[in-house]
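Novice: Here is how the chains run, residue by residue.
Protein chains: 2
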Amino acid sequence: MADEVVLLDFWPSPFGMRVRIALAEKGIKYEYKEEDLRNKSPLLLKMNPVHKKIPVLIHNGKPICESLIMVQYIDDVWKDKCPLMPSDPYQRSQARFWADYVDKKIYECGRKVWTTKGEEQAAAKEEFIGCLKLLEGELGDKPYFGGEKMGYVDVVLVPFYSWFYAYETCGNFSVEAECPKLVAWAKRCLEKESVSKSLPDPHKVYDFVLHLKKRFGIE
Amino acid sequence: MADEVVLLDFWPSPFGMRVRIALAEKGIKYEYKEEDLRNKSPLLLKMNPVHKKIPVLIHNGKPICESLIMVQYIDDVWKDKCPLMPSDPYQRSQARFWADYVDKKIYECGRKVWTTKGEEQAAAKEEFIGCLKLLEGELGDKPYFGGEKMGYVDVVLVPFYSWFYAYETCGNFSVEAECPKLVAWAKRCLEKESVSKSLPDPHKVYDFVLHLKKRFGIE
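Protein chains in written order, with our numbering: chain A, 1 to 219; chain B, 1001 to 1219.
Bound-form chain A, shown alone:
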């Protein structure tokens, strides 16, 4: 039986992008279904009744939710090509730790940068840059977080690169000036088609952020 793989997603979602990269790395064909988050499809509500959020991966009719779990699932099931998780249990625990750190910090800190102003924004920027510097320190001199090859943490973090332009423009700062090695790493990831084809144009993300600011009444 051929695998039937469906991805319920929304184009600017960094969480969805992770899953798109993982599927592309593994060479898995899938049906992409764009969701309208203001009018969620009955399929999304059925497949993710707990959180009602995208992305959702549906594999042979069965849903997998939460992007970190989805990427691990993809790596678990399609294990022959491009392993994303380290084989050593300790390295695996460290990859999970940094992926969890990205999940707990980067989205929320980044969101604060474009939803606030003045002192609050200055604090948000400082926190955001602090988080990125910590990640840059973890990267060290390795080409990828996964070492010589792109791995789990790379797949989990690189989607936010498509949001950097929006953060920078809203917050008036340069990630590259603060974290040159991290930006070099992101550009290295983007040389891979699995990444470049999964990430939207940063200017399009910025337009989307402007649209959200307008909708939420943020000047």
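Beyond 10 angstroms from chain B on every Cβ pair, some chain A residues (computed): (1) 3; (2) 10; (3) 115.
Under the rule of at most 25 angstroms between Cα atoms (straight-line distance), these lysine-lysine pairs were calculated in the BS3-like manner: (4) B:1112 / A:53; (5) A:104 / B:1105; (6) A:29 / A:81; (7) A:105 / B:1052; (8) B:1104 / A:62.
Covered stretches of chain A (in silico footprint by chain B; criterion: 3 or more residues with CB under 8 angstroms from a CB of chain B, positions within the stretch not fixed): (9) 72-81; (10) 84-92; (11) 97-108.
I should point out that these hints are in silico values taken from the structure, not numbers from a laboratory. Cβ coordinates follow ideal geometry from the N, Cα and C atoms, glycine included.
Take the given structure of chain A and dock chain B to it, following the hints.
Specialist: Below, chain B without anything else, positioned relative to chain A:
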């Protein structure tokens, strides 16, 4: 070489209890080091410089942080005895999903029950019970979340049972009246020595909650 295992922990922590249960299930001997969270040890700050939180597992000198990751690590390394994770990738993804749900909801919802009053507390109670009912639905008629045997989700959730008495007394409600099957499940888990020896007396947890309320100036 014998494994050197150290656990930095604080007795009322449901996150620490998870790790204690997992270690006990696997029959791993370890040194338990109680932390004073108002005066954290240099070892804790060195081993978990990012979050500076307990629990931390130190295995042959190397730290593993974040309790969900620690339990998976323990299951990964000591795989011969009492596997906690399902062997099937889909079941594994579902176990991770529910463990993540517990992490995102139960602690925070429970905390709201004892830190609020009036309408806010009524809403917190309703949300908390809703979360427990959802988990009860997921348990269904199985003896454990892991099926016939205690598994990952059981280990992750059961520590909160030692907090139920505090939530119930502060919030004036009965979890057993709302979720009888869930309480029966918790009692089933407590029949295991790995659980009963890892969970503190609920009255002691309640005293600790009263102490916290006083310290935080919550009436």
